[in-house]
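Novice: Build out the structure end to end from the sequences listed, making use of the hints.
Same order as they appear, the protein sequences are chains A and B.
Using numbering that gives the first Met the number 0, the first residue of the first sequence is number 0, and each one after it goes up by one.
Using numbering that gives the first Met the number 0, the first residue of the second sequence is number 0, and each one after it goes up by one.
If you are wondering where the hints come from, they were derived from the structure by calculation, not from laboratory data.
Don't be surprised by glycine CBs; every beta carbon is placed ideally from N, CA and C.
A short, non-exhaustive set of chain B residues, derived as facing chain A with CB atoms under 8 Å: (1) V29; (2) V34; (3) V35; (4) E37; (5) E60; (6) V62; (7) Q63; (8) F64; (9) V65; (10) G67; (11) G68.
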Amino acid sequence: MAVTIESADRLRIGDVSLDNRLIHGTGRFPSDEVLRACLDAARPQMVTVAIRRLALDGGGRSELEAVDLSAYTLLPNTAGATTVEQCVRLAHLARAGSLSNLIKVEVVGDERTLLPDPAGTLEATRVLVSEGFTVLPYCSDDVVLALRLEEAGAAAVMPGAAPIGTTLGMQNPFNLRLIIDRCSVPVVVDAGLGVPSEAARCMEWGAAAVLVNTAIARANNPPEMARAFSEAVAAGRRAFLAGRAEISLEAARSSPQTGLPPS
Amino acid sequence: MSGLAIILNGDPTEVEAPLTVADLLVNRAVRPERVVVEHNRRILSAEEFATVWLAEGDELELVQFVGGG
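Specialist: Here's what the structure looks like:
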């Protein structure tokens, strides 16, 4: 019996509803054209963007020129912010640009590791929730912090698998799984994934989505890697919904014993 | 026409007055649909670009979406 799960299995965050649970980054791509090819291959619905000053000597060409941003739900980030005030200011600018309340809160607490500042992330989340934003905070893989962010009104939490841009994969699977288990809001595994099997694994654990940027942008063939991640995310989600078989420490025959011809 | 000293994206900049934000965008070949403008720390709506006149010492931030994760 063919069972279609996709149509009934949308991820809802705020007012947004997603069929594709791969959130696609747009940074560090070799060119806008390669990025566009990746988006065409992965077919994400939500993409992340950053907000920066215009280079006024750039002859009027803006970044992301080759990409039709209107085709996607934009998830602007506050990357670069190191204080709550800077994060809130970037969020206001992002809202004016995207005409939406979605914001990925990033408050970096350490420039070398780019790990988020837990206190600043929580405070920025509180402020922006009170201003009506739909807040998705990028956070460290601390279970209690994730719960506090949820209590503060975060629409989803985004624990990192590994530091941004490292492609190291999940460094703390136990904490990620506890966060997925304990949080009621969607858990989006963000940052540090390296290969599609890791994305699939996160989805099998019950992550609501994953955000991938560097692993696609810096692959030898970014569009093929984008497609592979998209497929892995879908496969992992399907497996989660299917429910894994129980682990048994004793072997259990999968072929029948009865009717075996004698030697 | 007279010179006006403003701060544009953090840099002290001389512009020829009188001019509106919309004029400045035209002078700098910036397409208004891709930019967010903050004028003295207040974000302008697109409708305001043509009605906000720049004054001595004004601070303008012109930002846009760029690639990011």
